[in-house]
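There are 2 protein chains.
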Amino acid sequence: MPEQIPEDSVGLVTPRMMHFDAPLALACGRTLEEYDLIYETYGELNADKSNAILICHALSSDHHAAGYHSMEDRKPGWWESCIGPGKVIDTNHFYVVSLNNLGGCKGSSGPTTINPATGKAYGPDFPIVTVKDWVESQTRLADNLGINSWQAVIGGSLGGMQVLQWTIDYPQRIRNAAVIASAPKLTAQNIGFNEVARQAIMTDPEFHAGRYNEHGVVPRRGLMLARMLGHITYLSDDAMRDKFGRELREGSINYGFDVEFQVESYLRYQGQSFVDRFDANTYLLMTKALDYFDPAADYDDDLGKALAGARSNFLVISFTSDWRFSPQRSREIVRALRNNNHNVSYADIESPHGHDAFLLPIQHYLDVFGAWMSQLVKEVSA
Amino acid sequence: MPEQIPEDSVGLVTPRMMHFDAPLALACGRTLEEYDLIYETYGELNADKSNAILICHALSSDHHAAGYHSMEDRKPGWWESCIGPGKVIDTNHFYVVSLNNLGGCKGSSGPTTINPATGKAYGPDFPIVTVKDWVESQTRLADNLGINSWQAVIGGSLGGMQVLQWTIDYPQRIRNAAVIASAPKLTAQNIGFNEVARQAIMTDPEFHAGRYNEHGVVPRRGLMLARMLGHITYLSDDAMRDKFGRELREGSINYGFDVEFQVESYLRYQGQSFVDRFDANTYLLMTKALDYFDPAADYDDDLGKALAGARSNFLVISFTSDWRFSPQRSREIVRALRNNNHNVSYADIESPHGHDAFLLPIQHYLDVFGAWMSQLVKEVSA
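If you read the sequences in order, they're chains A and B.
The numbering used here puts the first residue of the first sequence at 462, with every later residue one more than the last.
The numbering used here puts the first residue of the second sequence at 462, with every later residue one more than the last.
No lab work stands behind these hints: they were computed from the structure.
Accuracy of the hints is not assured; some may be wrong.
Treat identical chains as interchangeable: a pair holds within one or across any two.
Stated by the list, open to error - Below, computed lysine to any residue pairings styled on SDA-like, alpha-carbon distance capped at 25 angstroms:
1) K704 x W784
2) K510 x R772
3) K581 x D497
4) K536 x S511
5) K510 x F739
6) K593 x R707
7) K704 x S787
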């Protein structure tokens, strides 16, 4: 619990739910006849509705990007370091919208919500959703909020992929695009890690082909393993060395299979606590959305062609020690944009923190990101 | 089955078993009262027994390093690329000894062999063994073969760690040491990956605290996941891109959780086939031996001090794209050796193949390794 909420926080926030009746045709060929999206907003929409910013979330994240849900909350939203009054994404100037994507497990329609056709939770029957589907659902959220065009769409990791898809599918509705610690598509190694995570979940005997809730169980082991593995890929080798080294939990080796090294303790804790706050079917869906993302595939595998119609100004940021989505992957995006004479700022931020860096208050990162955002403030105020 | 055995192969080989009656006190505090080691030899021991070479194996490997066990064998031993008449480790000149380490599952005493005290397989009761224990057991094998001093001890990965330990514990018994694609100790990231693999095995409901054989089952899922994850770390990102890219098994996305990308197919196949040829308790033991290896720990964390007493000539080889044991880790070994004025040759071999490179016939690697070995031939012939 925060003793008192810091002045540079958006403070107490309440998520809202929006219901959509119009059917949504998905890339997989199926249709969601109706659905809900849960979202939060920070700051005030201005009179001409020109100051709206959309935040797109990553794999295991959600709509709660900033502020606190109650005075009892121990932690603020996941991007508190960047969103708030006077911060990089300055809620004194912008109206920030953050949603939980379709297929999620934090309130939007997904495996854990009720399928109106059956009156029971969707479970594994929730359709596979793609980045493109998410962008489509986000346009409808924008429509209902009266936002014709975003001053910016911003996202890190899988969130950055949604930003890219926005610039391709709705170039006239996104004036600025910030793609952080992301990639134009996964590599075979990325897909390999996702596949190990999925197999961990799907081969857990308590997975029951995704119908674990009906059996009153949860595939705890599988979800724990998926998260442990994920965590290793979010951190750099150096970051793990600095954080844990070869430190032993009890000072000496005990020649057994209980926790010995601090890094084991950390990973087990991260894995176990994840099980209590995340849904296994959602995890599967999110990894598939990552695997499938490849906007160049429809353009002769030419990312430049895919992005040729974009009209946004771009900010692309990578982090030196990020090996999940390495700087090289960001530079592929930058090259494709520059070849098309797009306005693009690019920074590779020195950081030892691996992929996780995009969530951390790294001064050079905040400076670069903040400078780009302050231009956007001027446009809005003008 | 080889149509006919190639001329540069050692040909048909028959493993031999050696029994040891003298108790072996282990680092963990327990004692093996008696044990067996299975081994193969290639080439002939010369009159003064000066041409013997010991091969130390890696995590999931064994004593069958070269040649064929029968004309029906589809594949030769695991280091056929380097061991044979006229090859880098030239069996026309050397007497090569290759064993399965204690705790293994291919014939030497380990979880799958009979515990003489109970008449039942050891299973999880086999003691935890360390690299130091292995070296100790290998000295006894040498004693019984009449080999007072090795012309060389050679190993890759975990095998390289055994080589280092030999130079520290028995400097007078190892004249030359080749440490390939190895490290002076694991990083937190390395330990993290091992811990995920162990948790995959140990949380498999069919693990039964290691007594799966008594239950007539095998922790297939866990062992499969461990191997899938291992494989990703043996290959480089680039190697996986070259090998699989984002190629789809059936040409198009099918929006489901069956195998879609070729890389998924490869990993599942590797994982599933591993289950039929490896033991889960052994896998746990081998990863612990890796985690514990840290010879500098007894010398104020000073690797130079640990290696100060070594008398061997060293060859250290790393591979540019190896991120499991990166070139940086090999250079730590080289620095520690050079600071002590040891004779050390070092090469960082350009290769896209990741950690697996040490098993592959890469020309520059074979040239460098072969040049160093040809010096050893001269010493033996002289």
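Can you give the numbers of the hints that this structure goes against, from lowest to highest? 4 and 5
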